[in-house]
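Construct the complete structure from the given sequences, taking the supplied hints into account.
4 protein chains.
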Amino acid sequence: MGRHSDNWIMTAQCPSRLGTVDVVTRFLKENACYITEQHSFDDRLSGRFFIRTEFRPEAEGFEAASFETGFAERAAEFGMTFELTPPDRRMPVVIMVSKADHCLNDLLYRYRIGQLPIDIRAIVSNHPDLANLAEWHGIPYHHFPITPDTKPEQEAQVWQVVEETGAELVILARYMQVLSSDLCEKLSGRAINIHHSLLPGFKGARPYHQAYEKGVKLVGATAHYINDDLDEGPIITQGVEPVSHADYPEDLVAKGRDVECLTLAHAVALHVERRVFLHARRTVVFDR
Amino acid sequence: MGRHSDNWIMTAQCPSRLGTVDVVTRFLKENACYITEQHSFDDRLSGRFFIRTEFRPEAEGFEAASFETGFAERAAEFGMTFELTPPDRRMPVVIMVSKADHCLNDLLYRYRIGQLPIDIRAIVSNHPDLANLAEWHGIPYHHFPITPDTKPEQEAQVWQVVEETGAELVILARYMQVLSSDLCEKLSGRAINIHHSLLPGFKGARPYHQAYEKGVKLVGATAHYINDDLDEGPIITQGVEPVSHADYPEDLVAKGRDVECLTLAHAVALHVERRVFLHARRTVVFDR
Amino acid sequence: MGRHSDNWIMTAQCPSRLGTVDVVTRFLKENACYITEQHSFDDRLSGRFFIRTEFRPEAEGFEAASFETGFAERAAEFGMTFELTPPDRRMPVVIMVSKADHCLNDLLYRYRIGQLPIDIRAIVSNHPDLANLAEWHGIPYHHFPITPDTKPEQEAQVWQVVEETGAELVILARYMQVLSSDLCEKLSGRAINIHHSLLPGFKGARPYHQAYEKGVKLVGATAHYINDDLDEGPIITQGVEPVSHADYPEDLVAKGRDVECLTLAHAVALHVERRVFLHARRTVVFDR
Amino acid sequence: MGRHSDNWIMTAQCPSRLGTVDVVTRFLKENACYITEQHSFDDRLSGRFFIRTEFRPEAEGFEAASFETGFAERAAEFGMTFELTPPDRRMPVVIMVSKADHCLNDLLYRYRIGQLPIDIRAIVSNHPDLANLAEWHGIPYHHFPITPDTKPEQEAQVWQVVEETGAELVILARYMQVLSSDLCEKLSGRAINIHHSLLPGFKGARPYHQAYEKGVKLVGATAHYINDDLDEGPIITQGVEPVSHADYPEDLVAKGRDVECLTLAHAVALHVERRVFLHARRTVVFDR
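Residue numbers (our numbering), protein chains in the order written: chain P, 1 to 288; chain V, 1 to 288; chain W, 1 to 288; chain S, 1 to 288.
Check each hint, because a few of them may be wrong.
Claimed, not checked - Listed next, the in silico DSS-like pairs over lysine-lysine satisfying Cα-Cα at most 25 Å (straight line): (1) V:29 x P:214; (2) S:214 x W:214; (3) W:214 x P:29; (4) W:255 x W:203; (5) P:214 x P:255; (6) V:99 x V:151; (7) S:255 x W:186; (8) V:186 x P:214; (9) V:214 x P:186; (10) V:255 x V:99; (11) V:29 x S:214; (12) P:214 x V:203; (13) S:255 x P:255; (14) W:214 x S:29; (15) V:255 x W:203.
Said to hold, decoys possible - Where chain S lies over chain W, by a calculated footprint (3+ residues, C-beta under 8 Å): (16) 79-86; (17) 177-184; (18) 235-243.
Hints in this document: simulated from the structure, not taken from any laboratory.
Ideal Cβ positions, reconstructed from N, Cα and C, are used throughout, including at glycine.
Structure below.
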């Protein structure tokens, strides 16, 4: 995942209607763009169309701006929204954490070796604990403590960092505070959380302890976009791990770390590669 | 799973206390029984001890009855309950079904080739649909229709079959009726149900439709002992299957069939090989 | 897998060149065909393009013949080969078996409940053992014994059945004879074999015994198109199953049955849904 | 995995014979040791017995030395070798690397948070590249360059580090040099290598490129004890990852990193928790 690519990516969605694919592919042909990979899906229940295209211009002098202007005219006819992403673009990202560092450590490693096309602009935490880790990777670390009373101010600080860094994605890498509805709204469709259970099972606090009590034989993790219904945001991907009676709650916590890391990293890769489409409460994911 | 074995199996459980393993292994040694596989576990939270031993008598003239009498004396001191299972014993079983036949078909195949050490004495259904399948395998099929009014009578018929066949295990292979508390109690610890979701997610009816609505990326199945709290019985094993946005509810139903079959067959094999211990609301499973 | 569909399917491949997608999608648009799902891939190493499109005609009076004639003209320019499959078409199939019946039983079950869009026209075996199973499902069973001396004659009989039934796919469901180069050639691209190992590990006979000797911790199965290099045909899909030291060779055989059934059924579903493209020694698979 | 434990661990093996379990459990009982978990296995093909016991002394004043002396007398009669491990013991370890750092980074993280009960005494490499990573974790880093001519000298340096640090385990975390037969022999049973393929498939160099050529649909990794038959040492554990036609060799390399990390970490945890028994060319693994 998170692969390097020499290709441009175009993603689009609109209501289902004859010609939705053609309007994309014809324009690409006219602009001498060779399609290297394409995936489209029509959701017959919601009547919505989704398409993701990777392509490379074959003629010299490809201009994103004029391409976008040109396509916008045709897209308008279909009520189609679209996005164009240049090759090797690194998406600006802010990561939020609390005290647990396994997901952060994992993301930083992938970032460091160039496996994830992201540009981590800042790490924000309500605790000072992980400042060292950020420092070693040369990333600004903002410690914004939070109490019930200061929550609005703290969230304003968070939002300021997001704005000032130009972050297009916020990754909640085991950030243990519930975001306000207001912040959820502002971050809608561009904040990914990792919940340490196979949602919708075991919502809320201490899911591994809940899982132990219930005696499940599988634990897992769910990466999802946040919305203001806690633990109910649209799911991007889920991972799973077998467990046994011999796993006490602390063992489930330990076993869960790996699956949390992998599931979150997978979801981030899917998002930054523009493979995830959000529509209403569900996602369309064009995984490789 | 479900393997043939030349070995005797002894299983036991009791409160935790010094000497629980020794009382078993010393007795086996004294009776010239060679232990080929042994697994014990002490649950430190509930203070309960579980042991499963496979062994073969090395001297001639091993007598189960006198072995049991002899061991009962020693076990008593520990408040230990135990069970002795001879080699190649086939557990008498009754299977309950409704209209869906995938789990039944799967169990009958494993039974036919000798992969599951069970003896299917009867198939009971509230519908006539699967009589042919039973007939081809030469197994008596009882059609006991049910309505809200006749439920007590129908369950009495079911119970009569269980009693008359000497069934030690009842397998609910997609039987779509809720058993009464009374029947649940009678079958406590010896009736296995397959629920078509990763419990505790998606309890109740039409779990695949619930899963579609929620947009999950994994579906699964849960095999559990029944108790009078519907879909809440102690879990034996769980299976899982990745799904995508392109899977409509009917696709989830189709994909779920395989994982339901495998999960139920696995749970049955674990049970009949005496690998499952039930204590309170959880199980201890000594899988290979 | 193996889902019912109201859609037409068009698949095509050709050398990579600007306009390969456009030539398909524009023609569909011109013929008022709505694309419900599309997947294309350009293999940059071999310079080859592959596309699979599901669509439904929106105008009345869609005619396959004239559609094909019309598209053939445009395809010719790209050196593109293509295939058109109508909705709900059931591919005519011949299954070859020897004595082991687990894969056959599994395929017959999926066939019986309509999960696989195939039409099983005949079952061919070099042994009489599985005639009963065929009979119960109402499928002609041909027992063609084979010896080293009679191999050419036996293969002629097999070929005659393939020809007379109009079979487009031959499934080797644990058929334990090596096909001659001549028959392999005739069946090129339309005969799927299940090998009971994770090829290229453990080629040849008794792979589970080889796996036991080696002490592997995973066994698996490989579904592949046959070619005249035994156990080396292009791979369609592979499945895997964890094993342990406690699994003797006979246990590996038993555990392997499930993964063989699932892997073969998956490969057959992919093939009949036109999701597999064969090019040189590798496949392109557009799985859901 | 890698869990903290308050328990002592005793492991033993010997030829199969009546009384092998009893000699262990009786001695524990006599010394007032409570067995919290026990697993024994008799390999009927090799006629060899293996046992692993976790226990806690219930009386004060448990003395390891006198326990060992006492048990050695009884063990002698069975030709039994055994090992006693105190609670919370951290096994001294040396890690060998080349340039790839994913496995090292993963092990260091688990070490740092205390998830693996190891004590990393030194990191040895034939390249200088990973010195920074070692430094940040405060671990001595030895850069021992190697050429065909200097191999004996370099291995002597490596061996000196192993000796001086008292390392009981050497982890080859993507060390890309073949060890000499001599060093293999010295490290027999206490050096774990991670090979980036599902051995026995794709031995030797560039296994992901081999896998791409072959068109496999699964890649994986194998953690094994080294021996002087390269890539043929006894397997401890294996991991697997699905791949597709869209994964080029460089994608397989990237996807493989995760499964290599997890597989190696799992093998190390199994080894240091004394869950792996080595006998001839195979292992017995008592996983949780």
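Hints versus structure:
no.	hint	verdict
1	V:29 x P:214	38 Å, violated
2	S:214 x W:214	22 Å, holds
3	W:214 x P:29	54 Å, violated
4	W:255 x W:203	18 Å, holds
5	P:214 x P:255	17 Å, holds
6	V:99 x V:151	18 Å, holds
7	S:255 x W:186	38 Å, violated
8	V:186 x P:214	23 Å, holds
9	V:214 x P:186	23 Å, holds
10	V:255 x V:99	18 Å, holds
11	V:29 x S:214	54 Å, violated
12	P:214 x V:203	14 Å, holds
13	S:255 x P:255	20 Å, holds
14	W:214 x S:29	38 Å, violated
15	V:255 x W:203	30 Å, violated
16	79-86	violated (count 0)
17	177-184	violated (count 0)
18	235-243	holds (count 5)
Going through the hint list in order, the structure does not satisfy hints 1, 3, 7, 11, 14, 15, 16 and 17.
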